[in-house]
Amino acid sequence: MSERLTVAKTYKLYVGGAFPRSESGRSYPVRDSKGGFLANAAQASRKDVREAVVAARKAFGGWSGATAYNRGQVLYRVAELLEGRREQFMAEVAASEGVPAKRVQSIVDTAIDRWVWYAGWSDKIATVLGASNPVAGPYFSFSVPEPTGVVGLLAPQSSSLLGLVSVLAPAIATGNAAVVVASQDRPLPAITLSEVLATSDVPGGVVNILTGRTAELAPWLASHADVNALDLSGAPEAMTTELERSAANTVKRVLRAKPAEPDWAAAPDMSRLRAFLESKTVWHPMGV
Amino acid sequence: MAAPSPARTGLPPELSDATRDETSLRRFLHGLPGVDQVGVEQRAAGLATRSIKKASKLWAIDTAISMVDLTTLEGADTHGKVRSLCAKARRPDPEHPEVPSVAAVCVYPDMVATAVEALRGSGVGVASVATAFPSGRSSMPVKIADTELAVADGATEVDMVIDRGAFLSGRYGRVFDEIVTIKHACGDVHLKVILETGELATYDNVRRASWLAMLAGADFIKTSTGKVSPAATLPVTHVMLQAVRDWHGSAGTRIGVKPAGGIRTTKDAIRYLVAVHEVAGPEWLTADKFRFGASSLLNDLLMQRRAQLDGHYSGPDYVTVD
Amino acid sequence: MNSNVNPVWEYAPAPENRDIANLKPSYRMFLDGEFVEGEGEPLKSVNPATEEVLAEVSTASPSDVDKAVKAARRAYDRVWGRMPGAERAKYIFRIARMIAERSRELAVLESLDNGKPIKESRDVDVPTASAHFFYHAGWADKLGYAGYGPDPRPLGVAGQVIPWNFPLLMAAWKLAPALACGNTVVLKPAETTPLSALVLAEIIQQADLPPGVVNILPGAGDVGAELVNHPGVDKVAFTGSTDVGKLIQRSLAGSGKKLTLELGGKAANVVFDDAPLDQAVEGIVNGIFFNQGHVCCAGSRLLVAESVADELLDKLHTRISTLRIGDPLDKNTDVGAINSREQLNKINELVSSGEEEGATRWTSPCPLPDKGFFFAPTVFAGVSQAMRIAREEIFGPVLSVLTFRTPDEAVAKANNTPYGLSAGIWTDKGSRILWMADKLRAGVVWANTFNRFDPTAPFGGYQESGFGREGGRTGLEAYLDV
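These protein sequences, in sequence, are chains A, B and C.
Mapping to our numbering: the first sequence position 103 is 103, numbers consecutive.
Position in the second sequence (from 1) plus 288 gives the number in our numbering.
Position in the third sequence (from 1) plus 610 gives the number in our numbering.
Just so you know, the hints here were simulated from the structure itself, not pulled from any lab data.
Remember, it's a predicted structure, so these values are computed and weren't measured experimentally.
Treat the hints with caution; some may be incorrect.
Below 27 angstroms or equal to it, Euclidean Cα-Cα: the simulated DSSO-like pairs (lysine-lysine) are [claimed, not checked]:
1. A:Lys102 to A:Lys47
2. C:Lys1039 to B:Lys345
3. C:Lys941 to A:Lys280
Derived CB-CB ranges, DEER-like [what the hints assert, rightly or not]:
4. C:Arg692 to A:Pro100: 22 to 32 angstroms
5. A:Ser24 to C:Met693: 42 to 52 angstroms
6. C:Gly757 to A:Gly61: 24 to 34 angstroms
Some but not every residue of chain A turned toward chain C, in silico, with C-beta under 8 angstroms [stated by the list, open to error]:
7. Gln73
8. Glu83
9. Gly84
10. Gln88
11. Met90
12. Met286
Glycine included, C-beta positions come from ideal geometry on N, C-alpha and C.
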């Protein structure tokens, strides 16, 4: 046992580039896989959801308007900084998920590499998903993918870091802004990730991370009229249909959850990039 | 157009024809070549990379000081405030008497008499905003009276605003007539026409408004009131500098340009001077043809001037605050 | 205070410090992960702005070429060709970042060796080179999405020969896609501009790329010939003159090697009467005076609508007169030095032919330095299609102006060349842009802009301007076995 008392970290929310406590003043104890106390996490309220959506909307214009090259570099920078905090993430993921050392190393490494994978996508999406349309007439017609807007992400409940990165990185790689509800019982890696995001070049508000009760926060995200899409990855199973129904009120795009949480270590494909993209088709006459 | 009196005489036929009636004016303004936004912004950003050092920098700083229209346009303005600004205008840096005076002090009409008194014998001009500055939303008699007040109290320059509402709704003749009328009210007093480019929204509009003002008799075209964001920008000033250069090519006279608002640093000011130098031409590098509408810029110029001469950076406590 | 009535504002010299280039007295070739002496006769790289020798550079002999190709083959077979794309990606990302980190050094070195103005090497060449690596790094683990089938395979060893006009940038254009697709490379930089490629080799070494993945062998055309004809090379990529391109294509006939060529051009820049004239002037200036006109896609033929020709030429002369020609290291220099005496002679010869054939010459009155290879920006008016200056690539700061009356005539004249690399269109009318773009026979068409390059946008020519594309998804094809 060290003679010195360590300085414990206060885990807070991440909204608009700042780290506020919940406006509700609430917190809840976070425990490790064996039930030991780890820390108190802020327990966000519906008003925190509201603030987070405002912050995301405000950031969306700048982020979606940035060049794809710039977004790619920013995401790559996240990977660089994550690499520098590898040990810290390994400790937090191990504590949260109770996985053996070898596995935790692989989880964190995969999470880092996942940022690199999506960093490379940002300036290739339009090339792969866009098209020039050979319409039957004297027109030049082309289609380009565009980000949907503000995306509500209910992060996976069991994979606290890799799962989170796997749903968050593709959403913002294409230019969306995100409001994330972190894994309810394993929120600490998410908050530490937000510290990485805050010190990388991700503009404040592009990613907002809330900790708390998923069941309490999810309905507010699903019904919020200024949220354009919803990822149900970490939604409580009993609520998914109701959330989907609620999302229908403003025709949100909904990415449904798989019945069981997928193996996030598996190589990703483009599906999560496509989930939060619109396609815009432009027509223009050709003539002298 | 109501006022048939031509604002300018001796124009070549293609220009005097343009002001014959509303239709001709519209045809002329819409026949001007377009401005490509991306292109003009790239050109402005490219020129902004010029690196001005040593003697050329000192020259630029002194020239910029001599081009400042030192401005106070606040509801809270008092005679005392205007007098202290005038003292600063006469002698910007009391410890360095070789520093030139600024070009003019720019105030509201009711402050003109105070400024004239305070600047008597200094060679520093007194510019007054007029025509229901900054919005321009009033009746013509009020605008004329506003101008006449400034002129009667001794203003040497009048900075009028155009009716942006009329311009944006395509009533160019109305805007033209207003400028002609105010020019008439000014007599020999120099007229600067404020386009309020931040409200004109497009560079095409900035070019058209520049030509409209020049056709109507402006001695200067000025970007902004300083009350609307964005105020002066480099690309907008590029478009206006190109317009006065083109005007010189057609009409043979040189109209001045005044960016105003948002120019706070020496670095900014030098970028504007580079644009003046390379877009309009060296003939515009004088206070007769180019002005900065600014307030805090002056102290930064003074600090940078000292840094050039002393070899170390100066601080805000070493220049006067007025 | 200067009290001149009509002031003259001379910008004080603002030279970049040449020490930033970390110039070494000698540079060695990069073979199998090491810097080694070549067996060829060393060459001296010259600063074209001062004619002083910058450094001695070792060159490759035929046996060096053989060693390099074998090293590349080993690296391909044992490491690079079988490495997961995600791991290759990370190596290439490292290169991108390190170029950015050393950008100022590379920019100064490039301007010293090539003669291009520092503002171009600083703002265009180096950042774009870094961007090319960054972009292609992202492809390395996504090749299955590029449209060439689920798991496209690399070709093997690529032999690449690049020109002197964009030494570092062309190296990036060649190396980045080759590496991303899983090939290994032997690259020959141009004889007159080998230095930045060898600093890039240093970066590649620092980025810890396995030995042999990239080999850089300086030398003259004979080394290039040795390389492209080496039987161990699976793929040849060449950027340079059309004459040499034809030689290579001929000599590779029957070899089965995959070939891409990026050759000369004689681009038409077409200005209609409704063009945004001031920006057109900028585009024309950028089109022909960027990089002293040493650009294969330079807008060397200005086709202007007769109704605006006089106004445009007036504006053009005025604008060109403000261009500052001189010390490439001066941050205010717009046009730098011609890369070599040989190139300067070629420009002089073609300009004389223009005068002899009756075109009207206008040359900027700008002062030129006393030493070094410089050529003042020049515009020929009254040029007809029959003149040599309208047909041959000058590769210098010389613009030929022709006029047209109708869009059809513009298209006919623009296409009236064996080349087909690029073209420019200036008009406010969108439908005309698209109509023109459809009719023009050129690999790149710029509308209301010129000389834009981006790693995501394929670049390459029609006809005698070559085949194959660099950049974008399309550019990957050149380095995949598809």
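Status of the hints after comparison with the structure:
1. This hinted pair does not check out: Lys102 of chain A and Lys47 of chain A have alpha carbons roughly 40 angstroms apart, beyond 27 angstroms.
2. Taken as a hint, the Lys1039 of chain C and Lys345 of chain B pair is broken in the structure, with Cα atoms around 43 angstroms apart against an allowance of 27 angstroms.
3. With a C-alpha separation of about 42 angstroms, the suggested pairing of Lys941 of chain C with Lys280 of chain A is violated against the 27 angstroms cut-off.
4. Hint check: Arg692 of chain C to Pro100 of chain A, Cβ distance near 30 angstroms, so the stated range 22 to 32 angstroms holds.
5. Ser24 of chain A and Met693 of chain C have their C-beta atoms about 51 angstroms apart, which keeps the hinted 42 to 52 angstroms range intact.
6. Range check, Gly757 of chain C to Gly61 of chain A: about 32 angstroms between beta-carbon atoms, so the 24 to 34 angstroms window is met.
7. With 8 angstroms as the threshold, the beta carbon of Gln73 of chain A comes within range of chain C, its nearest partner Cβ sitting at about 7 angstroms, so the hint holds.
8. The criterion of a C-beta within 8 angstroms of any C-beta in chain C is not met by Glu83 of chain A, whose closest approach is roughly 10 angstroms, and the hint is violated.
9. The interface hint given for Gly84 of chain A is broken, as the beta carbon of that residue sits about 14 angstroms from the closest beta carbon of chain C, more than 8 angstroms.
10. The closest approach between the C-beta of Gln88 of chain A and any C-beta of chain C is roughly 21 angstroms, which is over the 8 angstroms cut-off, so the hint fails.
11. Checking Met90 of chain A against chain C: minimum C-beta separation of about 19 angstroms lies over 8 angstroms; hint violated.
12. For Met286 of chain A, the interface hint holds, the least distance from its beta-carbon to any beta-carbon of chain C being 4 angstroms, beneath 8 angstroms.
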